[in-house]
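Peer 1: Fit chain D to the supplied structure of chain G, relying on the hints for placement.
Protein chains in written order, with our numbering: chain G, 583 to 886; chain D, 19 to 507.
In short, the hints are calculated from the structure, not lab data. Keep in mind that this is a model prediction, so the values were computed, not measured. Note that beta-carbon positions come from the ideal geometry of N, C-alpha and C, so glycine has one too. Among the hints, erroneous ones may be present.
Partner residues aside, some chain D positions facing chain G, computed with beta carbon under 7 Å [stated by the list, open to error]:
id : residue
1  : Pro127
2  : Ser133
3  : Thr137
4  : Cys499
5  : Gln500
Pair ranges (Cβ atoms, derived) [to be verified]:
id : chain 1 : residue 1 : chain 2 : residue 2 : range
6  : D       : Gln170    : G       : Arg853    : 37 to 47 Å
7  : G       : Glu756    : D       : Val110    : 41 to 51 Å
8  : D       : Asn171    : G       : Gly865    : 57 to 67 Å
9  : G       : Asp645    : D       : Arg99     : 15 to 25 Å
10 : G       : Pro873    : D       : Gln170    : 43 to 53 Å
11 : G       : Lys732    : D       : Asn171    : 45 to 55 Å
12 : D       : Thr138    : G       : Ser808    : 29 to 39 Å
13 : G       : Lys851    : D       : Arg102    : 45 to 55 Å
14 : G       : Arg877    : D       : Arg99     : 34 to 44 Å
15 : D       : Ser134    : G       : Gly659    : 28 to 38 Å
16 : G       : Ser808    : D       : Val110    : 39 to 49 Å
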Amino acid sequence: MRNLMQFIGSDQAPSCLTRRQILFGVGSVTATAWASTPDPSQAQKETVLKFGLTPVFLSNDLDLLAALRSYLEEATGQKVQLIQRRTYQEITSLLIFGQLHAAWICGFPYIVNRQQLSLLAVPLWRGKPQYQAYLITSQSRRAKNIDDLKGDIHAFSDPDSNSGYLVTSALLAERGLKPAAFFSRTFFTYGHRNVVRAVAAGLAQSGSVDGYVWDVMRELEPALTSRTKVIRRSEWLGFPPIATSRSMANDPQVQDLGRAFLQMSGNEKGRKVLRLLRLDGFGLSPNMTYPKIARKVALVRGLE
Amino acid sequence: MKRAAFFPSTWPITLKAPLIVALFMIVTSGLISSQVLNRLISTQEKHLEELSGAYLDGLSSSIIPHVLREDVWEVFDALERTRRRYSGLTPVETIVLNAQGRVLAASDPQTYPTSSTLTTDHRASLFIAQMGKIVIAPEKARAYVLRELSYQNRVIGRIYTLLDISKLLSERRSVFLTLIWTNVLLTLLLGAGGYFAIRHIVAPVATLDHYLGRGLQGTVERIPDNLLGKSHSEFGRLFRRYNKMVAAVNERQDLASQLAREEKLAVLGRLTSGIAHEINNPLGGMLNAVDSMRRHGARADVRVTSLSLLERGLHGIRDVVRAALASYRRQDNGRHLRPSDLDDLRLLIQPTLRRKPLEIEWSNQLETNRIYGTPADRVRQIVLNLLLNACAAAASNGRVSFLANSSNSALNLVVRNDGKSLPKNYREFLETPKASLVPPNENGGLGLWMIRRLADEVGASLIVRCPDEGGTEISITIPLCQVEQRHAA
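Chain G with its partners taken away, still in its complex shape:
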């Protein structure tokens, strides 16, 4: 399986962190200016539903993508276009600016941009809308906790990923440490599968990865995951949600899209998609506020 998101052009030279700050600032200003008016975006008038996918998704599986699009088209009665980008930031930006009807994003960018975003559905994994973040290292290594990873070359998945960056940064922040000081070197792989690859190959001595992705990979690619091991599982955190721009939340097409996810388990095609995703279904609760992730964001930002 290949992570297609790796092949999306990454020719922007400036660092992701600086760019994120700029985009957040611009996004905030624009969102405020446009908040009170219905979004006259092109997406509203278009007949194609644009759904964004981030590296949280196992988007290297073309069969899965085809099955998902097929289901969504049938469920919504409209053409669906799956939009993939290399980074969480790009998808989040497209979503906020109304270039996408909805997207499967991570809890971290949702929390950071919750004023501009609205939840449509949350995946249910093992019966719960929750997952864990894993710290992994090489199978042959004797490390047992994060303290044993000091000085490592560490692989993160995305600077906007909860499990692939935020959880580990928060863990270090509790110790008053930053990743740049704790690890000898860090790099981003822009894909949870890539984090597993990097640790399995020895490119990185340890990595931060989505537990759901690692567990599914253990089933689908045991040869890869067997070269790694989990040395720490985080507390249960809110699963990466399906979100939309707050300005498009009442859009009928967007609502159709939301319903399609919520009703996925009641449809044969939908169940096929769920089987491929190893999910039980999608749900939505008004209480999904991702408080733990929010606390981690505050902790990390407090240290910055």
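Peer 2: Showing chain D alone in chain G's frame:
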């Protein structure tokens, strides 16, 4: 004989020709195989260089942006993807260094960790690579390639790549073995084919060799008609010419034999006339003595003188007749020589000696009672002819000498004359065994020819000396065989 077999010059042509062909085949195939292999190696290396160049071109262009940003993951991912993509190339290791010479990413991060510098061991194996040129190490089945990463005319990093060339080497070995086996097979096949072909071609030569060999042994035979082959073929023409030559030789041999018989008759005639002369000489005196006795027989002194004269004359006649009888005694089926056989010859040549006149020095040192293991008639013929030739060549009032002695294994005879020396061609003729089947000179030399023929029959060797003061000395050595010594009467 066994030692001679190791010398190639003694091998038959049916063996030498195919061996030469095989040798040429081996040399030629060796040269061609070498050229083929060199060409294969050159083509493989060129192909490898092109492939590795394309690999590095693709890799370089895809990772330069990531090297600029020191993006470890993207560089590693590019290495992984390009390694899987090139089926004609087998990159074993690819290491990307940044501008500071530190590892940015490698296909084997365990051996070449990110941010590390290359160790001495690493450098030993990697730094064999040269910029812009592929370095091949067949002993390690590896090829080393080095490429600089440049951006805006600045070096931003380096790529080292180790390629596995075991498939190339395996291909070379396969081609080499195929060439070897093919050449061996072809050489054996062509060698065998050449052997049979040459054997077939030179079979007529063997036939010719057989008949020539028999000719050397004395029997010159023509090649039978069924072996002549086609008249227009080379060997057919050769055989027919050989048969014509055989006919000519046999004709000459017949002629020579006839001449030899006539010579013998001529010699016989000369001897007969000599004997008649020797008998006639005392007859006149004897008849005078008889007449004296008739007239004055009453006188005692006349009777004594006349009887004495008659006795001397009769003795002389008796000796001559006895010698003549001994010379022309029929061959006694290989009767061996006795010393007296030679002494008889002295009597036979007396008329010839008196005619010139010549002095004879006779020395027969053979043991009186011994029988010598050599045919008596042939030796007597040889000596008689030598003496007659010596008398003919000697000057008037000159001297002829004869010496005979022996050892346990050979009989030695020497005939000398003063006066003329034997011409060089006749000397060579006499000294050469089996010199000729025909006399050396149409106008003479029959006696010498007979001497040579008879010498060949008894296995004798002749040596001719011509002293500076003139004359000729002919020495003949006749090998003796063992005989039972009976009393020689």
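Peer 1: Note whether the CB distance of Lys851 of chain G and Arg102 of chain D lies within 45 to 55 Å or breaks it.
Peer 2: 33 Å, violated
Peer 1: Is 28 to 38 Å a correct range for the gap between the Cβ atoms of Ser134 of chain D and Gly659 of chain G?
Peer 2: 57 Å, violated
Peer 1: Kindly confirm whether 34 to 44 Å is satisfied by the beta carbon distance between Arg877 of chain G and Arg99 of chain D.
Peer 2: Check passed, 39 Å falls within 34 to 44 Å.
Peer 1: Within 43 to 53 Å: is that where the Cβ-Cβ distance between Pro873 of chain G and Gln170 of chain D falls?
Peer 2: 50 Å, holds
Peer 1: Tell me if the beta carbons of Asn171 of chain D and Gly865 of chain G are separated by a distance inside 57 to 67 Å.
Peer 2: Roughly 58 Å apart at Cβ, these two residues keep to the hinted range, so it holds.
Peer 1: Next item in the hint list is Cys499 of chain D. Is there a CB on chain G closer than 7 Å to its CB?
Peer 2: Violated - the Cβ of Cys499 of chain D stays beyond 7 Å from chain G, reaching only about 103 Å at its closest.
Peer 1: Under 7 Å, Cβ to Cβ, is where Ser133 of chain D needs to be relative to chain G, so tell me if that hint holds or is violated.
Peer 2: 6 Å, holds
Peer 1: Is it true that Glu756 of chain G and Val110 of chain D lie within 41 to 51 Å of each other by Cβ?
Peer 2: Cβ of Glu756 of chain G to Cβ of Val110 of chain D: about 44 Å, so the range 41 to 51 Å holds.
Peer 1: Are Ser808 of chain G and Val110 of chain D spaced within 39 to 49 Å by their CB atoms?
Peer 2: 24 Å, violated
Peer 1: Could you see if the CB distance from Lys732 of chain G to Asn171 of chain D stays within 45 to 55 Å?
Peer 2: 41 Å, violated
Peer 1: Given the hint of 29 to 39 Å, check if Thr138 of chain D and Ser808 of chain G actually sit that far apart at their C-beta atoms.
Peer 2: Given range 29 to 39 Å: holds, Cβ gap about 34 Å.
Peer 1: Holds or violated: Gln500 of chain D as interface residue toward chain G, Cβ cutoff 7 Å?
Peer 2: 104 Å, violated
Hints 3, 4, 5, 6, 11, 13, 15 and 16 from the earlier list are contradicted by this structure; the remaining hints agree with it.
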